[in-house]
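Each chain, letter by letter, is given below.
Protein chains: 2
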Amino acid sequence: MEQQTKPQKTRGHLTLPGEENFYQETLEILDRLGADAIRDSDGTELPENVKDLDGVMVYGKYFTARGHNAFASQHLFEASRYYLSSDFVTASGEETEIAFMSGYFAQQIRPDYDHDPQKWWEVRDRTTGEVLDTALWKIDRNQNIAIIQTVPFHVYSVSFLAYGIWDPVQMYNYLTNDWGEDVEKHIPFDIRYPESEKYVEEALEAWLKANPKVDFVRFTTFFYQFSLVFDQEGKEKYVDWYGYTNTVSPKALEDFERAYGYRLTPEDFVDEGYYNCNFRVPSQAFRDYQDFTARFVAQHAKRLVDLVHQYNKKAIMFLGDHWIGVEPWGPYFAEIGLDGVVGSVGDGVTLRLISSIEAPMHEGRFLPYFFPDTFFEGNDEAILAEAKDNWTKARRALMREPLDRIGYGGYLSLAYKFPDFIQYIEDLAEEYRDILARIEHAKPRQMAKVAVLNAWGKLRSWGSHIVAHGKWYKLCYSYLGVLEALAGMDVEVSFISFDDVRADLGLDCDVIINMGDAYTAFSGAENFLDPEVVTRLRQFVHQGGGFIGIGEPSAIQAQGRFFQLADVLGVDKEVGFSQSTDKYFDQALDQHFITADVHEALDFGETTANVYALSAETEIIAYANQEVHLASHDFGQGRAVYITGLPYSAQNTRLLKRAIAYASHKEVELNRYFAQDDRLEVNAYPTRGEYCVINNSADQVTSLVYDGQGRAQKLTLPGAGLVWLKDVEGR
Amino acid sequence: MEQQTKPQKTRGHLTLPGEENFYQETLEILDRLGADAIRDSDGTELPENVKDLDGVMVYGKYFTARGHNAFASQHLFEASRYYLSSDFVTASGEETEIAFMSGYFAQQIRPDYDHDPQKWWEVRDRTTGEVLDTALWKIDRNQNIAIIQTVPFHVYSVSFLAYGIWDPVQMYNYLTNDWGEDVEKHIPFDIRYPESEKYVEEALEAWLKANPKVDFVRFTTFFYQFSLVFDQEGKEKYVDWYGYTNTVSPKALEDFERAYGYRLTPEDFVDEGYYNCNFRVPSQAFRDYQDFTARFVAQHAKRLVDLVHQYNKKAIMFLGDHWIGVEPWGPYFAEIGLDGVVGSVGDGVTLRLISSIEAPMHEGRFLPYFFPDTFFEGNDEAILAEAKDNWTKARRALMREPLDRIGYGGYLSLAYKFPDFIQYIEDLAEEYRDILARIEHAKPRQMAKVAVLNAWGKLRSWGSHIVAHGKWYKLCYSYLGVLEALAGMDVEVSFISFDDVRADLGLDCDVIINMGDAYTAFSGAENFLDPEVVTRLRQFVHQGGGFIGIGEPSAIQAQGRFFQLADVLGVDKEVGFSQSTDKYFDQALDQHFITADVHEALDFGETTANVYALSAETEIIAYANQEVHLASHDFGQGRAVYITGLPYSAQNTRLLKRAIAYASHKEVELNRYFAQDDRLEVNAYPTRGEYCVINNSADQVTSLVYDGQGRAQKLTLPGAGLVWLKDVEGR
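Chains as they are written, first to last, in this note's numbering: chain G, 633 to 1363; chain Y, 633 to 1363.
Be careful, since some hints might not be right.
Note that the list lumps identical chains together, so a pair holds whenever it fits in one copy or between two copies.
[As the list claims (entries may be wrong)] Derived pair list, reagent style DSBU-like, types lysine-lysine, alpha-carbon separation capped at 35 angstroms: (1) K1049 <-> K946; (2) K1346 <-> K841; (3) K867 <-> K1215; (4) K1020 <-> K1215; (5) K1215 <-> K883; (6) K934 <-> K1049; (7) K1215 <-> K1106; (8) K1358 <-> K867; (9) K1020 <-> K1106; (10) K1103 <-> K1215; (11) K751 <-> K1346; (12) K1358 <-> K946; (13) K1215 <-> K1090; (14) K1346 <-> K1020; (15) K1081 <-> K867; (16) K770 <-> K1106; (17) K1215 <-> K770.
Hint data in this document are derived by calculation from the structure and do not stem from the laboratory.
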């Protein structure tokens, strides 16, 4: 990274991990990097002398509902629970045994026989969808087997209530790092139950008293772990970063029934084995249950935060682990009164997942973690490469919505052995603080307002298409690429739901993006059968709005269309039924505004098969394999753009920026604060009268760069470099 | 093609086209090729002296319901009709005009204002699916516009009754060949109406009297044209070789209501704009209407055939054009009493589409047609290539289920200018007659019995996945390839429907194949929600049967599965909802019985995205792009094979043969009557004590060939060659 001039060293806004027997080196690095806070980790404790340093704040991690085995082992009835589905088993005779624990890890999952299976469990005929009468099945508790009277060749599953008796995150660390029998296996417990409810507050107070030197209590997190279940070999079996499967209990169901007037069933949780994952259009029962859980969690989290405040400490939470019910974009988050949030930054999307939260402080943990799997001898280059990639991706997003603090995790002593890396993060911290100082209170100029429309809306801001946080998935990357592009683009981004559309909320934007696979929460499925939704969206575009559909936007087969907004998009997907209709529109335009900067092969990721243009009025921009991959279509005063998929790259980011400008009729705005070369991006801060050009690539780049008046100058930036330029008034 | 020894020339079983002013050459070619019949075509007449030739039968084409303009123009009220849909139009205000004729060809289509639109037409709100009250719209008959009171941003369409006033097949020939104003435009008429009903018999009788020299009356065909509609520029707009859109009339609807006790609506025909095409799972209303039409057509066709017989002539029908209602695999076909069927042979599938019909005589028209677009100077090589490709593909199928006659169409004088071609078809005719003589009464040995399961069953035998006869479609070729492979494979093939499965019919087979895209008639869609269907299929496999699923077999999203027979197949398709479940099975086996002969890159055609193995019990045979492309799975005593798609090729034919052997546990049968090289195929005729090895390629091939005992010998065949070998008793 480039420093234009070497200014006086700055300090602050940086948290580093501490460890025992590393005092002098810790002092040295804290000073070099200008760090002002030090933290412990899962598995490490801070030495006392580090806690005593002047001007260095102390972060103390705190596990609320795990890591208290003395209590938990005495209250196993209050351990966390799941509703889980057995394998789907095909009956071949009139009696079928289902070993419902098959595929689960006995050290994590244990059937809840404290509650009568006949009352709390369900056996389903998955061929008819019907629940079996309880007279038709019984449970062999010794063998964990359901014995079911079956119709031959129907498929059956058992939905059973189970204890989660080992915290899955600790389990993962435990098994991965081979911690061995001397480390306790954390039993998670559930504050729905009275002893646990009381205990968490008492334990926290005791801890606060015992840890007077901690300035920031870092909750990891509150009460309910996101869905994370392991298989019989202890390998990950099911993961949903947003999943509620580990929040359930008989008490919760009974409380819910009192509050909402109806009873939830095991199927409301098991959901055909899909467990209401992020991709399912949420049922009303699940929405109600989410709301119910979030209110409960917020109430109880607030009590803990209040307690922290009573001890004159700050309370922050980690975005992940036991964070279910505290989704920071939900309606109850503000009530908790947290002083900040902290989370892991893998890229631009995850940075904004943190920085967009309405909270007093946002801190991002950068990569790589100082762990032995990365920081081993000879791996210097890979370490530097990961750090640089992480920073350049994050920096784009930071320019739009900054973090208040950054930090690292792991073992400082490991990182210390890599001086080039230490030098890099020293420079990085300087660059970060310089950026922050300039833009902390300056709103960046936005070329356009973009709303991402899906079934979750604001609740899953920046979190659409996430399965496990930070992991690549085949069915996601072609959509996540769009979010990654948006994370650092000079547009204002909001996330809106179909309910917002129905209520005319969030439509004060220039462009609506709808993207995802058919029938998922992200494209929206049955929401597009609601006349209110489609008419409002059509009206929005007809009156001049822009609409960008990616993948299978508005898809649900009905009334002669697969894309319900085919009239707006000018394209539909052939699913077989309209093959008899000749399709004559197969010529892509020679050139187009949207693809004007394309210089390498187009990459639409997974692509969506068999999309075709409905009429000659559709501008086909990319056509291959007898399919439309990119198109535009005017609709009334507005305009739609269709893209088959868009993984993250510099070229695709540019393509999306142009698509937004085109869809919103802002072509003329493109050349303001704009770099010809797509490796560079420009962010302007009108109230500061300056703009910043960043190089997102590792290459030295020379490019024309346009100012706010559209006047060009030639600039050269080194790899990953950045430069601040003064805005000059127009002639 | 190779002749082993030059035997005495044979004669017969061959029809050639005749034309005027070509008498001597016609005699010469008839003699050289041993032809025993001569025919006229659309646009040509046979000269009298050709009709008088000894030993040469005369075929006379006969148009039943077109080509009689003197009558038709006097009875325009009885012209053929359609229910058609206007474009789908999005309302932007409270009154919307739909120019319903937009996109139609005024010379073909004319609104039927003889029947009150308010009674016979329908305006639909395609956003809600509702029919509009007739008070909400009116028709401007001068401008052909519907004026509709609309909800802004709802989508509307008009389903209107229209006359078809120009026969679309003649129109196509007319426009393509630029026939000009002196040729009459054939007006098709509808025998539902009394004058036409009477007229067709009188006209035929007059024609029979006027054409005493005709031996075979070739009906082209009977009364109703398959769906073929042109656009405003006279280009094909909609084509469905099996389509019933041109059979409708107010009289038909009234008769139907009397017979079936309920009234059909325009939507029963328009079907959201899909017009009940071959790919739609047929509604009960459409099935009823098909039955109603087929019975009517059969009754009236029988009268014409009887008339032909009264004049001591034979009656045959052409498979196509006005053939709707005479589907030869339907229940009423036999009643008609036809003496034979004739159709165009484009490949193995279309050969068997003809040869599998239960009729006394089957004749195939081979390619290329002797038309100027092919038979032009300098095109010798392409002509020969097309003829050879056509013959080698057809010959495979012929070995399984022979045609009784072959023939050519077009202008003999054109073909005459290409002596190499004439020589080729002379040899071809000899080879054909030799094959026919040997196998006409000999049933070929079948390695296995295969049933193709779809929503149509027997009714569309060999006709599944056809849009326009003989044309390539992107969403079809990966399935049609399977049929093409089967057409020449040593297996017995039947076509069964879900109703057959429900009634336990057709399950006396070794392997069931279910193939097609999700939700189409070919994969079966909602049929797989019927417990009776899935339990019988599961039972079939569990008790030892084989099941081969191709593309999206048994696909319909329900109860946690996309493939409803995922338990049988061992694979399912990820559509987004189960991404949270880890998928660990991604290793293909190093080798497998099914792919043992693979020697070039696997080609699964369009492939089906995101198929994954459900458990370690699934044998993954081909895995690429993080997807299962080929797999096998044991289920009870039986076995399933999944293939993502299978375009036609020698390698894929072999792969399918092996998949059938594997699925049916007949691995040991594979090496009987078998050639190592996949370009060769072996057909055995036990009752004749001989077997035939054919070379389907243009290459000389040397290969091990196994006899019925599995004993190998090395054979060399020239390109496209064949050899007959005597069966020797086992040791």
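A quick look at each hint next to the structure:
| no. | hint | result |
| --- | --- | --- |
| 1 | K1049 <-> K946 | within (33 angstroms within a copy, 97 angstroms between copies) |
| 2 | K1346 <-> K841 | neither (61 angstroms within a copy, 91 angstroms between copies) |
| 3 | K867 <-> K1215 | between (49 angstroms within a copy, 11 angstroms between copies) |
| 4 | K1020 <-> K1215 | between (48 angstroms within a copy, 31 angstroms between copies) |
| 5 | K1215 <-> K883 | between (59 angstroms within a copy, 34 angstroms between copies) |
| 6 | K934 <-> K1049 | neither (42 angstroms within a copy, 95 angstroms between copies) |
| 7 | K1215 <-> K1106 | both (30 angstroms within a copy, 12 angstroms between copies) |
| 8 | K1358 <-> K867 | neither (54 angstroms within a copy, 61 angstroms between copies) |
| 9 | K1020 <-> K1106 | within (25 angstroms within a copy, 45 angstroms between copies) |
| 10 | K1103 <-> K1215 | between (39 angstroms within a copy, 14 angstroms between copies) |
| 11 | K751 <-> K1346 | neither (74 angstroms within a copy, 71 angstroms between copies) |
| 12 | K1358 <-> K946 | neither (38 angstroms within a copy, 94 angstroms between copies) |
| 13 | K1215 <-> K1090 | between (39 angstroms within a copy, 30 angstroms between copies) |
| 14 | K1346 <-> K1020 | within (25 angstroms within a copy, 64 angstroms between copies) |
| 15 | K1081 <-> K867 | neither (43 angstroms within a copy, 44 angstroms between copies) |
| 16 | K770 <-> K1106 | neither (40 angstroms within a copy, 52 angstroms between copies) |
| 17 | K1215 <-> K770 | between (58 angstroms within a copy, 31 angstroms between copies) |
Hints 2, 6, 8, 11, 12, 15 and 16 from the list above are not met by this structure, while the remaining hints are.
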